[in-house]
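Whole structure, please, built from the sequences with the hints as guidance.
Number of protein chains: 2
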Amino acid sequence: MNYPNNIRKTYNKPISYGNRGMELENLINIANETYIDNDIAVIYKKPTPIGVVKCDYSKNKITEAYYKSPSTLDYNGVYKGYYVEFDAKNTNKSYLPLNNIANHQIEHMARVMKHGGIIFLLIMINNECYILPGNKFFEFINSNDRKSIPYEYIKEQGIMVPYNYLKGVDYIKGLDTLIKEN
Amino acid sequence: MNYPNNIRKTYNKPISYGNRGMELENLINIANETYIDNDIAVIYKKPTPIGVVKCDYSKNKITEAYYKSPSTLDYNGVYKGYYVEFDAKNTNKSYLPLNNIANHQIEHMARVMKHGGIIFLLIMINNECYILPGNKFFEFINSNDRKSIPYEYIKEQGIMVPYNYLKGVDYIKGLDTLIKEN
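These protein sequence lines are chains U and G, in that order. Mind the numbering: the first sequence is residues 1 to 182 in this note's numbering, read in order. Mind the numbering: the second sequence is residues 1 to 182 in this note's numbering, read in order.
Hints listed in this document are in silico derivations from the structure and should not be mistaken for laboratory results. Since we're looking at a predicted model, the values are computed, not measured. Among these hints, one or two may not hold up.
[As the list claims (entries may be wrong)] No more than 25 Å apart at the CA atoms, straight line, and that leaves these computed lysine to aspartate or glutamate pairs for DMTMM-like:
| hint | chain 1 | residue 1 | chain 2 | residue 2 |
| --- | --- | --- | --- | --- |
| 1 | U | 68 | G | 156 |
| 2 | G | 80 | U | 25 |
| 3 | U | 46 | G | 23 |
| 4 | G | 155 | G | 87 |
| 5 | U | 80 | G | 107 |
| 6 | U | 136 | G | 39 |
| 7 | U | 155 | U | 25 |
| 8 | U | 59 | G | 56 |
| 9 | U | 46 | G | 33 |
| 10 | U | 114 | G | 33 |
| 11 | G | 45 | G | 176 |
| 12 | G | 173 | G | 156 |
[Said to hold, decoys possible] Coverage of chain G stretches by chain U, computed from C-beta distances (three or more under 8 Å per stretch; other residues unrestricted):
| hint | region |
| --- | --- |
| 13 | 35–44 |
| 14 | 76–84 |
C-beta atoms are modelled at their ideal positions from N, C-alpha and C, and glycine is treated no differently.
This is the structure in structure tokens:
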């Protein structure tokens, strides 16, 4: 996940569908590190929530634990004084299935927006990457009962974001657009 | 850590020094849940970062993992549009030792403040609870080489916060004061 710098920066294998989730996570990590290093934004991936059951204290070692489902989105931080929170979603279909966004996550998104935070989904679809602003997400799910968001909606309502293996998913200009339009 | 509501709300054991860290965490959890339930703020404890070494995928069970040291503060979220991040510190001494705040955490605090986020420490000391605003923290560490912050400094420069076992550490009015003075 964290390649040493020299390896990471020459790493240019094309995206394979098999480990696309990891690829997108890598691309976001690269961008976030770049934003911190260049004093642009302070945004981190939250640690994955893990429930610890057993611990061997003599060795400081956890011996039984389980992944828990997160109740918030994966990334958050501060940009130009704004609270920013987003989730990364990738799909190898021509639509984004909605079943991998939990109800309590949707409630959380609505809550954060109500309190003045910026919410979006960062979606990798058809080898393109888009910011789908929180209000566009809610407009979609509130206006119909579909179980997925079609590519066309994401393309029309989203903000396209460039990505490459050097800079990662460079979403900050897209975020500026989102802030201006808000 | 998460008591069922009925148990939690009648829980009034006095603070014991032995598990004070956990007590403070409980008091903050209660406050944060109250703020979410009453639509006041959306602030969460971040999951503890854990490095997973071995996983039994057939049982979805993690069999070897280790706690990692966090590079950010423990709590963050959004309040009135502000990005808010803080750490809980408790001490049974008449001062707050600085050796349990890592250098990379201090760098992170400075970075977040620079980008317009609100940073503070929530300190339990002498059975009193204080918000120590980020700028007061930096004023202290930049003006001398002491390895701890004395109670008197925290009392003078901090904002006292009420707490009880029903409402937890009710820090939101203190946060309002911090925002006004900023």
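Hints versus structure:
For the proposed pair residue 68/U and residue 156/G, the alpha carbon gap of about 42 Å is over 25 Å, so the pair is violated. The straight-line distance between the Cα atoms of residue 80/G and residue 25/U is roughly 30 Å, outside the 25 Å bound, and the hint therefore fails. Our distance criterion of 25 Å between C-alpha atoms is met by residue 46/U and residue 23/G, whose separation comes to about 24 Å. A threshold of 25 Å between alpha carbons decides the hint, and for residue 155/G with residue 87/G the separation of about 17 Å falls inside it, so the pair holds.
Taking the CA atoms of residue 80/U and residue 107/G, the gap is about 18 Å. The hint holds against a cut of 25 Å. Restraint check for residue 136/U and residue 39/G: the C-alpha separation of about 23 Å stays at or below 25 Å, so the hint holds. As the CA atoms of residue 155/U and residue 25/U are separated by approximately 21 Å, the hinted pair is consistent with the 25 Å bound. For the hint pairing residue 59/U with residue 56/G, the CA-to-CA distance comes to about 20 Å; that is within 25 Å, so the pair holds.
Under the criterion of a C-alpha separation no larger than 25 Å, the hint pairing residue 46/U with residue 33/G is consistent with the structure, at around 19 Å. Restraint check for residue 114/U and residue 33/G: the C-alpha separation of about 17 Å stays at or below 25 Å, so the hint holds. Distance restraint check for residue 45/G and residue 176/G: the Cα-Cα separation of roughly 20 Å lies within the 25 Å cut-off, and the hinted pair is therefore satisfied. With a C-alpha separation of about 17 Å, the suggested pair residue 173/G and residue 156/G falls inside the 25 Å cut-off, and the hint holds.
Counting residues of the region 35–44 of chain G whose beta carbon lies closer than 8 Å to any beta carbon of chain U gives 5, which meets the minimum of three for the stated coverage. For the region 76–84 of chain G, the assignment as covered by chain U holds, since 9 residues bring a beta-carbon within under 8 Å of that chain's beta-carbons and 3 suffice.
Violation of the numbered hints given earlier is confined to hints 1 and 2; the remaining hints are satisfied by the structure.
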